[in-house]
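**Q** The residues making up each chain are set out below.
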Amino acid sequence: MIKRSFIGLAKPKLEYGSLEDTPSLKQIPTSKEITLLSKCPFDKKNLLFKKKETVKTGQKLLLYKERDEYVVSSVTGQVSSISSYTGDFGRSYTAITIVVADDEEIDDEFKDISKDSSLETIKNFLAFAPGNPPVKLFSDKDKSINTIVVCCADSDLLITTNRYVVKSDIDAIKNGISILKTATGINDIIMVASQSQMHALSTTGEKVNQVNDTYPSALPHLIMKNILGKTVPAGKNPEDIGVCFISAEAVASIGNAFNSNQIPVTKIITLVNKDGSKALVSARIGTPASDIFKAFNITLNENDRIIFGGPMTGSSVYSEDHPVQPDTDAIIIQDSDDIQFISDYPCTNCGDCIRVCPANIQINLLVRFLEAGQYEEAADQYDLYSCIECGLCSYVCVSGMPIFQYIRSAKYELDRANTAEATNNG
Amino acid sequence: MVDNNRFIVSHAPFRHDGSRISTRNYNIALAALPAILLGIIYYGMPAVGVISLSISSAIIWEFIFCRATKSSITIGDGNAAIIGMILGMLLPATAPWWFVIIGTFVAVIIGKQIYGGIGANPFNPVVVAIAVLMISWKDIFDFNEALINYDFDFAMVYPLSALKHFGVSAVDSFSMGDLLMGKQSGGIGSTFGLGLIAGGIYLIIRGIIRWEIAFSFLAGIFITALLFNMTDSARYAGPVIHLFAGYTLIGAFFLATEDSSSPVNFIPMLIYGAGTGFLTVLIRNIGVYVDGVIFAILIMNLVNPLLDKIRPKAIGRVA
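Protein sequences, first through last, are from chains A and B. According to this note's numbering, the residues represented by the first sequence are 28 to 453, in order. According to this note's numbering, the residues represented by the second sequence are 54 to 372, in order.
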């Protein structure tokens with residue numbers, strides 16, 4: 028944990044970790060049971076497959092009638108349950124649990140079609156690939172993407188997953204980029220990388236832009252502003268102004284898929300142990316976190332914390348059996364002694380958040396409205412939607428206020444109110 | 054799965070830089086110590102008495118208020134202690150006990166708690182208390198009168214009142230060095246210029262007070278005093294006496310910089326500081342009061358919410 032420096036006048040400097048001190052990749056053996064989570068809400072009536080159904084590795088499983096959401100099985104085995112899972116902010120998922128069989132069989136549906144590396148194939152088979160390629164965006168008529176940003180740096184602290192992929196699998200990235208170019212017809216590809224990666228990436232022949240080594244420079248909104256020189260309007264995403272962000276791992280997945288004629292099913296994860304030591308792990312998508320802990324002899328105690336994602340923007344989970352998902356770049360374990368408790372102290376107007384906010388939001392005023400539940404005012408007058416969600420305000424808050432969570436829940440509540448309004452009117 | 058561990062599930066971010074309100078306040082106390090120590094050396098046990106009573110009664114008032122309103126006891130954050138400490142620094146060593154207790158009552162209860170406690174006070178609690186005391190019991194704040202029984206090896210004169218009543222020639226005897234070393238009459242902890250500056254610089258380096266406010270306050274005083282002095286040097290003293298006498302330095306580093314009553318954006322901080330400095334000299338030179346720091350800060354506290362409307366444009370904001 029990085030503490031406030033003695034010279035508090037200086038802004039906190041949170042540097043993205045380097046890859047040099049990271050040990051080699053550790054393969055986690057296939058688990059006995061894996062769980063795939065689809066962002067599609069559970070809907071029992073329209074399910075397209077049933078329990079006991081056998082699936083093969085790399086098999087695409089369409090979930091529901093008249094919907095195109097699918098998951099890709101990362102193992103060979105038998106579906107043991109299909110249920111609903113509720114994640115952060117009440118988001119509903121469909122959880123498919125598969126009991127792994129002894130012998131592995133590779134599904135060949137993708138193999139037959141992989142000679143044709145068209146956008147349609149990418150869209151239909153690679154949405155669940157490691158790194159979560161944003162395949163839907165490319166064919167979304169409303170978005171009209173004209174630029175693709177390949178993010179080779181990791182956006183949150185401690186994570187080295189994308190940097191590892193760049194180091195170990197540069198050929199797959201090259202291949203992935205050329206496939207993306209031909210499939211989407213977009214030639215404006217911008218690579219964004221940290222300084223240490225510049226050399227490795229120069230071999231790709233693409234234009235590489237350097238991103239600053241301090242958090243939160245590698246967050247999409249700041250890359251847009253500082254590297255592309257385009258400011259994303261408040262409340263919008265880069266794709267709304269025609270820029271699609273894709274991680275280096277996702278590009279490598281696309282490259283590897285067409286190279287090996289198989290949908291990749293293993294995810295690379297940065298594991299951060301209680302003492303801060305890091306390890307790189309390769310595990311099948313759906314592997315329960317507990318199997319990874321077992322492989323590293325990590326024992327968890329009461330009141331520890333398991334975080335999926337980075338320390339600034341990730342989310343903590345309830346169970347050590349929470350499965351690895353295509354976008355799980357890191358799993359962080361915090362000892363109960365290292366957990367800072369949130370306080371209910373009010374804002375003292377010290378201004379630390381103002382100085383650290385990369386989006387110039389008047390947080391000291393905003394948070395007073397959010398505390399009072401006045402979300403509309405917060406959005407109209409105090410730039411709620413300008414927040415790029417870096418979490419630095421909570422990080423520096425002297426009062427220990429959960430400012431970031433106030434902001435996220437305000438956005439969620441407003442979103443919910445707007446949706447309800449739209450439904451009522453429609 | 055009964056035997057499973059239960060984990061802490063909370064929201065991002067999962068890190069904190071470890072800063073705390075209590076650490077901030079104890080650092081302010083630390084920064085104020087040199088000035089208090091010199092005051093104790095000069096004024097002896099009465100000064101110890103005033104400072105101790107001031108700190109303890111402020112804490113007790115906060116405790117009583119928290120109890121009475123059935124809210125959680127907040128004395129541990131050190132804010133009440135700081136209020137008491139700074140209030141004591143502004144008082145003469147001869148202040149009677151009831152005077153100190155009324156002062157801390159006004160500061161803690163009326164200045165802070167009735168608005169909702171820490172972070173909600175529109176005015177600096179200490180400044181409110183001093184203003185009330187100053188207007189109500191003028192004589193006790195007459196430092197020349199109050200400290201008449203002290204005999205020092207330096208001119209025991211309150212520079213600002215000498216200036217007000219006897220004109221510029223009366224303060225010629227004060228050298229900058231004497232003023233910095235506290236060789237002047239005044240509040241217990243408000244005369245040791247060097248100690249206050251050292252404490253202020255410490256707080257600025259630690260990022261506890263905002264340098265923009267302190268510097269623009271001093272700059273405001275310097276420039277305004279210089280302008281007055283240039284128009285009529287026989288009537289108006291030069292900037293040095295204004296910078297190092299009265300409550301100027303304690304005001305710059307300990308009063309004007311109070312978090313909740315001062316702005317946080319860059320330009321507002323400069324306006325706030327410079328405005329306070331300007332008003333201070335204005336009150337001192339053409340107002341009725343001997344020292345203008347207290348009322349200048351109160352007035353600028355009042356406009357603080359308006360000043361903070363001048364803010365940088367947020368990312369992606371259209372309007």
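These are computed hints drawn from the structure, not numbers from a lab. A portion of the hints provided could be inaccurate.
Pairs of lysine-lysine, DSSO-like flavour, derived with a Cα cap of 30 angstroms [as the list claims (entries may be wrong)]:
1. A/K40 / A/K208
2. B/K366 / A/K263
3. A/K59 / A/K72
4. A/K38 / A/K59
5. A/K438 / B/K236
6. B/K366 / A/K257
7. B/K366 / A/K40
8. A/K252 / B/K191
9. A/K438 / B/K362
10. A/K38 / A/K53
11. B/K123 / A/K252
12. A/K168 / A/K79
13. A/K87 / A/K53
14. B/K366 / A/K170
15. A/K201 / A/K305
16. A/K150 / A/K208
17. A/K257 / B/K362
18. A/K53 / A/K438
19. B/K191 / A/K38
20. B/K362 / A/K263
21. A/K208 / A/K257
22. A/K40 / A/K72
23. A/K30 / A/K252
24. A/K168 / A/K87
25. B/K123 / A/K40
26. A/K138 / A/K163
27. A/K38 / B/K366
28. A/K305 / A/K59
**Q** For every hint, state whether the structure bears it out.
**A** A quick look at each hint next to the structure:
1. Of the pairs offered as hints, the one joining A/K40 and A/K208 is violated, with about 37 angstroms between alpha carbons and a cut-off of 30 angstroms exceeded.
2. Annotation: proposed proximity of B/K366 to A/K263 holds, straight-line Cα distance about 17 angstroms (limit 30 angstroms).
3. Between A/K59 and A/K72, the direct Cα distance comes to roughly 28 angstroms. Compliance with the 30 angstroms bound is thereby established for this hinted pair.
4. In summary, the hint linking A/K38 to A/K59 is not supported, as the alpha carbons are separated by about 47 angstroms, beyond the 30 angstroms threshold.
5. Note on A/K438 and B/K236: the hinted pairing is violated, with a Cα-Cα distance of about 59 angstroms set against a maximum of 30 angstroms.
6. In summary, the hint linking B/K366 to A/K257 is supported, as the alpha carbons are separated by about 16 angstroms, within the 30 angstroms threshold.
7. Between B/K366 and A/K40 the CA atoms are separated by roughly 23 angstroms; this keeps the pair inside 30 angstroms, and the hint holds.
8. About 59 angstroms separates the Cα atoms of A/K252 and B/K191, which puts this hinted pair outside 30 angstroms; it is violated.
9. At roughly 23 angstroms between alpha-carbon atoms, A/K438 and B/K362 fall within 30 angstroms of each other, so this suggested pair holds.
10. Among the hinted pairs, A/K38 with A/K53 is inconsistent with the structure: their alpha-carbon atoms are about 36 angstroms apart, more than 30 angstroms.
11. The suggested pairing of B/K123 with A/K252 is violated, with an alpha-carbon distance near 49 angstroms, which exceeds 30 angstroms.
12. With a CA separation close to 38 angstroms, the supplied pair A/K168 and A/K79 exceeds the 30 angstroms bound.
13. Pair hint A/K87 plus A/K53 holds up; C-alpha atoms about 27 angstroms apart against a cutoff of 30 angstroms.
14. The suggested pairing of B/K366 with A/K170 holds, with an alpha-carbon distance near 27 angstroms, which does not exceed 30 angstroms.
15. Between A/K201 and A/K305 the CA atoms are separated by roughly 27 angstroms; this keeps the pair inside 30 angstroms, and the hint holds.
16. Between A/K150 and A/K208 the alpha-carbon distance is near 14 angstroms, which keeps this suggested pair within the 30 angstroms criterion.
17. Between A/K257 and B/K362, the direct Cα distance comes to roughly 26 angstroms. Compliance with the 30 angstroms bound is thereby established for this hinted pair.
18. The hinted pair formed by A/K53 and A/K438 fails the criterion: a straight-line CA distance of about 39 angstroms is larger than 30 angstroms.
19. This hinted pair does not check out: B/K191 and A/K38 have alpha carbons roughly 45 angstroms apart, beyond 30 angstroms.
20. Straight-line distance between C-alpha atoms of B/K362 and A/K263 comes to about 25 angstroms, which keeps the hinted pair within the 30 angstroms bound.
21. Restraint check for A/K208 and A/K257: the C-alpha separation of about 22 angstroms stays at or below 30 angstroms, so the hint holds.
22. Distance check on the hinted pair: A/K40 and A/K72 sit about 52 angstroms apart at the alpha-carbon level, beyond 30 angstroms; violated.
23. Using a Cα cut-off of 30 angstroms, the hinted pair A/K30 and A/K252 holds, with the two alpha carbons roughly 28 angstroms apart.
24. As the CA atoms of A/K168 and A/K87 are separated by approximately 25 angstroms, the hinted pair is consistent with the 30 angstroms bound.
25. For the proposed pair B/K123 and A/K40, the alpha carbon gap of about 41 angstroms is over 30 angstroms, so the pair is violated.
26. The straight-line distance between the Cα atoms of A/K138 and A/K163 is roughly 21 angstroms, inside the 30 angstroms bound, and the hint therefore holds.
27. Among the hinted pairs, A/K38 with B/K366 is consistent with the structure: their alpha-carbon atoms are about 20 angstroms apart, no more than 30 angstroms.
28. In summary, the hint linking A/K305 to A/K59 is supported, as the alpha carbons are separated by about 25 angstroms, within the 30 angstroms threshold.
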